[in-house]
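Can you make the complete structure from the sequences, with help from the hints?
Chains as they are written, first to last, in this note's numbering: chain L, 1 to 205; chain U, 1 to 925.
One side only, chain L facing chain U, incomplete, derived with CB under 10 Å:
| # | residue |
| --- | --- |
| 1 | L11 |
| 2 | V22 |
| 3 | A23 |
| 4 | D32 |
| 5 | S33 |
| 6 | W35 |
| 7 | T50 |
| 8 | V126 |
| 9 | R178 |
| 10 | G193 |
Calculated directly from the structure, the hints in this document are not laboratory data.
Just so you know, even glycine gets a beta-carbon here, dropped at the ideal spot from N, CA and C.
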Amino acid sequence: MTVRLALVIDLDICVGCHACSVACKGAAAFDDSVWPNQVFGYEIEGGARTVYVPRMCQHCESPGCVTVCPTGASFRRTADGVVLIDAERCIGCRLCAWSCPYGAREYDAAAGVMRKCTLCIDRRDVAVPACVATCPSGARHFGDIGDPASAVSELVHRRGGFALLPEYGPAVRYLPPRPRAAGLPTADGKSSGGLDRWIGRVVSR
Amino acid sequence: MTPDPGVSSMRQTTCYMCTCRCGINVHLRDGVPIRIEGNPAHPKNRGVLCGKGAAGLQHHFSAARLRKPLKRVGPRGEASFVEIEWDEALGIATAWLDAIRRTDPRRLAFFTGRDQSQSLTGWWAAQFGTPNFAAHGGLCSVNVATAGLYTIGGSFWEFGEPDWDRTKYLLLLGVAEDHDSNPIKIGLGKLKQRGAKVVSVNPIRTGYSAIADEWIGIRPGTDGALVLALVHELLRTDRIDLEYLVRFTNAHWLVVQAPGTAEHGRFARDAGNRPLCWADGAPVDAGATGISPAVAGRFTLPDDRVATPVFALLAERYLDAAYAPEAAEAVTGVPAATIRRIAVELAAVAFEQAIELDIPWTDTTGRRHATTRGRPVSMHAMRGISAHSNGFDTTRALHLLQMLLGTIDCPGGFRFKPPFPKPIPPGPKPAGKGYAPGKPLGGMPLGMPAGPEDLLLEPDGQPIRLDHAFSWEAPLAAHGMMQMVIANAVASDPYPIDTLFLFMANMAWNSSMNTAGTMELLTARDPATGDYKIPHIIYADAFASEMVAYADLVLPDTTYLERWDCISILDRPISDADGIADSIRQPVVQPERDVRPFQDVLLDLGVRLGLPGLLTPDGAPRYPGGYADYLANHERAPGVGPLAGWRGPDGSAIGRGAPNPKQLEAYIANGCFWRQELEPAHRFYRHANAGYLDFAVKMGFVPNAEPIVLQIYSEPLQRFRLAAQGHGPVQPPDDLRDRIIAAFDPLPGWHPPLAADTPEFPLYALTQRPMIMYHSWGSQNAWLKQILSRNDLYVATSTARALGLQDGARAWLVSAHGRLKLRIRTMEGVQADTVWTWNAIGKRAGAWGLAADATEVREAFLLNHLIDDHLPAAAGTRRLANADPVTGQAAWFDQRVRLEPCGPGEAGPVEPQFASLDALRRVVV
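Written as structure tokens, this is what we have:
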């Protein structure tokens, strides 16, 4: 079984607060202009609903950014499927940014290299990526979607999780908004009389 | 990967990026902060942190930080300053303030903005002797807070919260990004994951409303009509918890019916002043047990007065067709069928899905309950309710709805956070009568009047306070009316002042209505003398905000990572429903600029002025170690200080205990917070929970262990109404009688907002706080500004189409007070009569270190320019604040507008534009 680390993002409870985006900036310590994680809001279903969609590197199975990299700086770790950039070898040519269908790569002008989400695997002091740890509504999960028995795999299965542009083999999964809570009675309550119904009502205190 | 170079360390403190006050871990490298994360052990945020909190790093390193005290050398408003030493700055302030204190302490107006140290600043004002103190509550959420305190002895946010772990149905009203930020997000996540229903009533569908199971796009300012229609439906269908009402509320108390007399609408009381009810054919003590009090009918008391129970009054009133869903539909725009269905759903969850916890408890009558029953319907309301001129009554209506459902402080319902509930209304009255040169006030400047005799009025009826709080214009202005201070000072209404002393309150920009007019007032001169009408302005801020330009003396503050602070039970603690908690900030780093923590400066000024509480009996400084010294050693009452944890000589006491010299160390060792979990039996029905109330007495939260009877019917409000009808010795001016009679309603009503409803201005204009900036706009933050540095006006697509406006078009937004040029964006998730924008994105060039071509200057605007600080007044009549007539809460959201397309050739930046404060860019780091 191949380990495949991934974010699983619950669109049902993302309130669009940008906590993930800003925590990422603190954790990643890239140039101020670089935003590996960004949140977008859309009105969907003909305007009937608003959803917030965080977007970041999807850690694809066969990443185009790796294929086009002329120096081999972009690579995918076979051990866990995480796509990374070796800053020592990156020349900042930006070919990878052109090739990424998710717009997930950005140029760090201060360092002269490309940047993107690393799933915080370069931070040894944390168990989960900063965006997951900080998410106030609990909309972000992290785990191994390569293991069908993992908590995130079960979550994806149970909630009908989907991938963005699945033809690129992304690892990140989005959980769709749940059906709106229903099942409460809708019957019109019958009127139970006027004021006099409470006269003589015995209520003990 | 490369390991971090340098020496890494981590220090814990408390966030100040909004008003949540979450625990944070500040990571440092070589002593320099490099990252801020949530503290997993902290009860407020449990490790999570919002975008504002994580961006605190950029607040700390803001390019807009002031670096040294400043003295004005050019005309006021142009930011021409020279840098001076602290000794000179404090000497100037002391000279001005000392002269005031020796002659007329009222001539100091001390207002402190989004201050989190009000237990210090209010006490300092009282020591100085000025009644003119408040923080920013009057322009924020005082309607919600005061309505709750006068009705249930608590309120939303700092006073209570939904039972996030058990509620099955949450009704949010007027809640966008708001108090409190992370706990609401954590809670909503829990509710959604377990399938509880979330209904959000809000004209705008963003954030929480976007993820709600049901969004009700209501017309602004009409929530009270919706809530009372729900009340109507519950009564009509008899779906109410009558047992809860007679046990815990005043539903059965007898109200005297004697129209035209001073007794009318007062509670019938026995010789011992205890309220009466009617049981077994006779009047009896309403607090008695084992009785079956009448809830309907009219009864003749032995003295021949006629009285009727509160419940009968409320049933008669709200069963009237005026409160039916059809009537509410016409007002709110919410279909009557939807209102009926929500009522059915609320009752179904409260009564058919009741929960029972295996927690025995004892009520104040001595009755033992084997379990704790819960009605799992909860509600939360905030600024969308508060910022209307009918917000006080709307909030009371909401509490009435909660009481009818029996869902106050029960499992699954709304739950108090200790030290709440408090007696209704709580504790001390506002102090201010008897002000005199050189003399402290007899108490704290802010408080809760119980009747007209508690108002702060001169013998001739003039307001004692500059802002007219606690006068007949705003009798229950429990947080003051900061928004009126500048206008009143300039108008000498009721008297001129000498010094305006502000702390982190951007009154020359986003914290004022009538912003351009306020700027003019700040520079207004007496034509006879040429002197400024406000002779001295002292301003303390960490950043070069717009207000700095209008100060004569600037006292530069530190950032929150550079100072001690305290989130106190005496002020606005961080408790949750299951535990009492408070916290501190500690300096994580030392400032490298010549700035000082404002609280230290205030204590220093107090010593220089010789304020009694700041000196020992032999005249030495009482707190020579500054604010940290004060936090550990100040006692408000014997054994009661700013911090409740680790008191007593050995740190073993909580609540009450002698000062502990090692108290702050104990806080730091515990992540800078203290929390005492309540016993399970003390966590519900605390208004009538014997064990809890005994604990609360020991802790000093309440004066005695008497049950706190929830007040459906408010006698204090009736007392103000009776006065306006001519009864009693303290009488309102004649021109305010009708207003008082209408606004002071012992049962909550709905009345339209005070703003004129005219076809000339068919639209309602609102702001929302962006989640990434709410309460955090005060820094110029390199990260947050990249997410949002411009704001547009959002308009319903259908409304824009009807006006011939395309998405992205420039337009004029016009009110009776002003005009704004802006860009519109169309959207579906907004009520059709409502337009809205993000709050406080626009900045003035030069302020915040911004150049004249900054996006915040060219493409962002303040809605404030359209909002008058006064209500329109006919010639010769009194000008009243644009505020709730009960509490003085600024009515930001009453604003009416119209949209007009821009003509050809009207491209260019947003308007109005103001002269750049270029000189302000030279006084920052």
